[in-house]
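The listed protein sequences derive, respectively, from chains A and B. Each step along the first sequence adds one to the number in our numbering, with nothing skipped, and position 62 is 62. Each step along the second sequence adds one to the number in our numbering, with nothing skipped, and position 198 is 198.
Note that identical chains are pooled: a pair holds if it fits in a single copy or bridges any two copies.
Straight line, CA to CA, 20 Å or less: simulated EDC-like cross-link-like pairs of lysine to aspartate or glutamate:
| no. | residue 1 | residue 2 |
| --- | --- | --- |
| 1 | K84 | E100 |
| 2 | K135 | E29 |
| 3 | K135 | E18 |
| 4 | K84 | D261 |
| 5 | K84 | D99 |
| 6 | K135 | D32 |
| 7 | K269 | D217 |
| 8 | K97 | E29 |
| 9 | K40 | E18 |
| 10 | K233 | D147 |
| 11 | K10 | E314 |
Please keep in mind that the hints were generated in silico from the structure rather than gathered at the bench.
2 protein chains.
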Amino acid sequence: MLSLSELNNKVKEYFEAESFTGTPHQLYEPIDYTLAQGGKRIRPAMLLAATQMFGGDIETARYAAIGIETFHNFTLLHDDLMDKSPMRRGKPTVYRKWDENTAILSGDAMNILAWRYFLRTPHHNLHRILRTFEKTSMEICEGQQYDMNFETQNNVTIDEYMEMIRLKTAVMLGGALKIGALYADANDNDMELLYDFGIKIGLAFQLRDDLLDVYGDTATFGKQTGTDIRDNKKTYLLLSSINKASSQQKERLMQLFSVSDGDQTAKVKEVIDIYNALDIRSEVENAINNLHNEALTKLNTISQPDNNKAPLYELTQQLLNRQI
Amino acid sequence: MLSLSELNNKVKEYFEAESFTGTPHQLYEPIDYTLAQGGKRIRPAMLLAATQMFGGDIETARYAAIGIETFHNFTLLHDDLMDKSPMRRGKPTVYRKWDENTAILSGDAMNILAWRYFLRTPHHNLHRILRTFEKTSMEICEGQQYDMNFETQNNVTIDEYMEMIRLKTAVMLGGALKIGALYADANDNDMELLYDFGIKIGLAFQLRDDLLDVYGDTATFGKQTGTDIRDNKKTYLLLSSINKASSQQKERLMQLFSVSDGDQTAKVKEVIDIYNALDIRSEVENAINNLHNEALTKLNTISQPDNNKAPLYELTQQLLNRQI
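Take these sequences, add in the hints, and give me the full structure.
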């Protein structure tokens, strides 16, 4: 049984053994640039952890692990273009380093490349594996569309927000785990529990991300805090605040979240003051803890020895206990 | 055995039976808009013709036919965005009717939707079918990249041009035919002949398109003539002319193809005068005839009765005998 850090090393090794270059180089260089940057590579590690948990040989899932990370990086590449984000992992995004058309086309090619990897290893469950991947991929597009809709949509509810982050973030964790389990012929009941576990930690992970944007330690979190507030982004914190706020506080929040110029530092401070007055931090922490507990219940219930689940327990701890 | 027009009707019927709507509607409306517009739908008809030719049941290939057309329309959607083309099939393109981000994301979803269709019908050859589809898809991205490169690349050779149109246009015809044949368990030799037939008619089709842009009858061709010249597009006509031209003519052509303002009508006329002086029209017609003959030789050699090949003979005639 490989530990989480050994699984992470496997993923690293798999990626280092691949070449993402090709001709025309104008198409492949941005792909190589994106996939060589690394990142946390959580999804492929989860996929392999699931295969291993059910007694499968992780080598059979090797190319699916690369495929899922390739797809994830394709979504980041196109999201960065749509959001006009200048930087990713400390480097210029593809559309800025090259241009918009290069970002569109090399992203399209990466989407196809993900399928190429999935198709590399024949497996008796391949049809089901591919259907799971396809469904997950489409849901991620739906999640991204909801996220874009929310920019101009008033009265986004918490339920709508949770559904958006389920699609945009959580299903890919659930999908990676389910795919990993399919390589090991897990039974349907265990597979469903594992998928639900992935969804719950995906949701918890995103809520923690929302929280860290306001209450995170910049040095540990690796991003400047208050960015979501500056960008008028509808997060779990804002939507909970609007639910709890007095009509006066609510009006002020709406006002603050409608301006994008002026003194942004004062704006961030004032929003955080309202969050504090409403004790939003404990509300979000409670929601995260509930999701975390629900996730663990799912994982506990799976019919495999605890030892087989160890890497996923460890990963859950890492994802949900990032420093505040 | 269904005739070509019966196969075309099948394709039409298949598309009419599908719904491309979904939520969020902002994501699915542009997909429905694109796929409902029709177009010639040559690729799915070819795919079904290949299945039928080898004695297969075309219903087994129904969703692959929809999938290949969905993919083709995805490439048009993203190409129109990259080329900033305002109109397609007499209607505003997606990026103009909605916006650029909608075009990016709904295109991405269409790419995935193509896979969804391919995965709908289990088949003992599915793995090979998907690998053929994946390879073809990636080659189309490569072709599009070469096409974009050529905009700023000097000294494009005829060989480079033929390789570009092979990737951008021809492989999808070859791929559609090969996929259709796989649904009918054709033998490898026949499948290779059929694929090569598709490549040859794809190349011939594109050269005819280049020719029609200059010598086509506007009413029959459905597009304004001289567009490639106005857009400084490197076509087979231009590249052949540069090969045949005197140094003086060559210099003048280079000059004309470097300006995009000024009197475009005079420019078009002057370029056509040079083409005429060099008798480029017969040169292109010869190249098309050679490809056409090579294609027919491939089709003739396939070990099936002529009657089974009739729809493909008819389609070839239609594609290559559009009115000049």
